[in-house]
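Make the full structure from the sequences, and use the hints.
The listed protein sequences derive, respectively, from chains A, B and C.
Residue 62 in numbering that gives the first Met the number 0 sits at position 63 of the first sequence; the count goes up by one each step and never skips.
Residue 246 in numbering that gives the first Met the number 0 sits at position 247 of the second sequence; the count goes up by one each step and never skips.
Residue 42 in numbering that gives the first Met the number 0 sits at position 43 of the third sequence; the count goes up by one each step and never skips.
One or more hints might be untrue.
What follows is a list of derived Cβ distance ranges for each label pair [as the list claims (entries may be wrong)]:
#, chain 1, residue 1, chain 2, residue 2, range
1, C, Ile22, B, Gly75, 21 to 27 Å
2, B, Ala23, A, Leu66, 39 to 45 Å
3, A, Ala196, B, Trp128, 22 to 28 Å
4, A, Arg22, B, Trp122, 53 to 59 Å
Reference excerpt, derived from the structure (chain B facing chain C, CB under 8 Å, subset only) [said to hold, decoys possible]:
#, residue
5, Asp50
6, Gly54
7, Trp117
8, Val220
9, Ser222
10, Arg242
11, Ala245
If you are wondering where the hints come from, they were derived from the structure by calculation, not from laboratory data.
Predicted, not measured: the structure shown is a model, and the values here were computed from it.
Don't be surprised by glycine CBs; every beta carbon is placed ideally from N, CA and C.
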Amino acid sequence: MRPGSTSSACAALLHRDLLLAWRRRGDIAMPVLYALIVGTLFPFAIGPDPALLARIASGVVFVTVLLSILLSLDGLFRGDIEDGSMEQLMLAPQPLALLVGMKILAHWITAALPLIVVAPMLASMLRFPASAMPVLVLALLLSTPLLSLLGAVLVALAGGARRSGMLLALMLLPLCVPVVIFAAGAVSAAQQGLPWAAPMAWLGAGLAMAVVLGPLACAAALRIAMDT
Amino acid sequence: MANWVPLWLHRLSSPQTFYRFAGAVRPWALGLALVLGAVALYGGLFLAPADYQQGDAYRIIFIHVPSAWMSLFIYGVMTVSAFIGLVWRIKLAETVAMESAPIGAAFTLITLVTGSLWGKPMWGTWWTWDARLTSELVLLFIYLGVIGLYHAFEDRRQGARTASFLALIGAVNVPIVHFSVNWWNTLHQGATIRLLGPSHMDSSMIWPLLLMMVATKCYYVASLFARVRADLIAAESGKAWVRDLALGTQERA
Amino acid sequence: MSESLAMGHYGFYVWTAFAVFFIVLLIDSLAPVARRRRNLRDLRARLVRQENRRRPGTPPSNESHP
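Here you go:
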């Protein structure tokens, strides 16, 4: 039997992962609900003052999105490692980095995209000005893939560990500091009517680098973590 | 196999030889650290004059700055040995990387605590979101992540390799964090407090500082070797030399 | 001497900083010594147990070299 082409393997894997996610639609809704609930807690905690809420809205949205993605990342490779399909992927003739990249893409579509859809709603609940909303969505579009890629590398590392939930947070959150700074920085600059192109460009540069290096690092991490 | 590595280095990477070597070097390194540290701190605390701007509070510099240097230096050592361990699969390099992490975390913690103890009388606040302080805090978190990941695995070898990879990722990330926090600081002008650099340092302030730097390096060697020895015994407990060692200490006790 | 120990008005900060430095490093340097001793003790106990299993009836003693 001749091995299929790389592109068809990638497409098949993407299709499989999306199908699997679609069969468990409830799991997709969980991070979204989590983000909404965490977001609504803030006005209760700090009071309903619109000016104050508008000031912290972008930060709240980014931290909430980050935490929701963290929540959904935990199971990214677990099913595949447990049922042995990860070994199949590693033995496949196609480069592991590409296949892993497809898995990350599928994760981003199922976990981050719904968050980006509800983020404007969450932001406007927090009195975020509508004029800066496109910048918020753009920043989310650039920063969530970065978080997915960065998180996937760490999930791959923690895959073989006994307990990974809190550990993942401990590893991921310090590494996310630059992403949060630039994403929230761009949005708050836009909110104040300042130029926001520079931080957005840094985010884009980071994303370009992560798209290339992330899957490679993730594949290397998986090989290390699965190597027993 | 490794003809570019000097022969003694190659032989040193065998656990038993390294155990003996570390045991022989450790007391000397520790003694040197104690003597040099005592001289440096005496010089810094009693001989050096008070700073004209900061009074006596600046004397925290003699532990703060060497600790800060060590926190970065140890991260460098950890990264290099993690890389060596991952690429050439040298067990000793993995052990050195993993046993460096707690020492690095200790120095980072000291840097943060002494920094805020210095900041309180100087800036009037325990903590400021300055680029250097924030990077140091992130560095502490990364150290803790490496330690946590290492201990989360049943198999120490696998834990060491995974945590080594995390250390490499952190090494890429720390400069980016520093850069981004710097950028963030220029955005939020109000939060920046001008750090008081030692405006002009007398030579009577310089030499204790440099001596303290050497002393902390010696301390690192001593502590690292003690940790590696403890680790080697646990990792090699099935080997004959460790068994002899265990029974030997029993006879002596 | 007591004047220089007071460190101007900053004695509290300076001495707390030094105390932190020494306490943290003391813990750091004692931990591996204790760990090595514990590892050796565990190993010794295991070896004695193995020896007893091999020759039941003989009490654990120092002469029971393998």
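A quick look at each hint next to the structure:
no. : hint                                : verdict
1   : Ile22(C) <-> Gly75(B): 21 to 27 Å   : holds, 26 Å
2   : Ala23(B) <-> Leu66(A): 39 to 45 Å   : violated, 51 Å
3   : Ala196(A) <-> Trp128(B): 22 to 28 Å : holds, 24 Å
4   : Arg22(A) <-> Trp122(B): 53 to 59 Å  : holds, 57 Å
5   : Asp50                               : violated, 10 Å
6   : Gly54                               : holds, 4 Å
7   : Trp117                              : holds, 7 Å
8   : Val220                              : violated, 12 Å
9   : Ser222                              : holds, 5 Å
10  : Arg242                              : holds, 6 Å
11  : Ala245                              : holds, 4 Å
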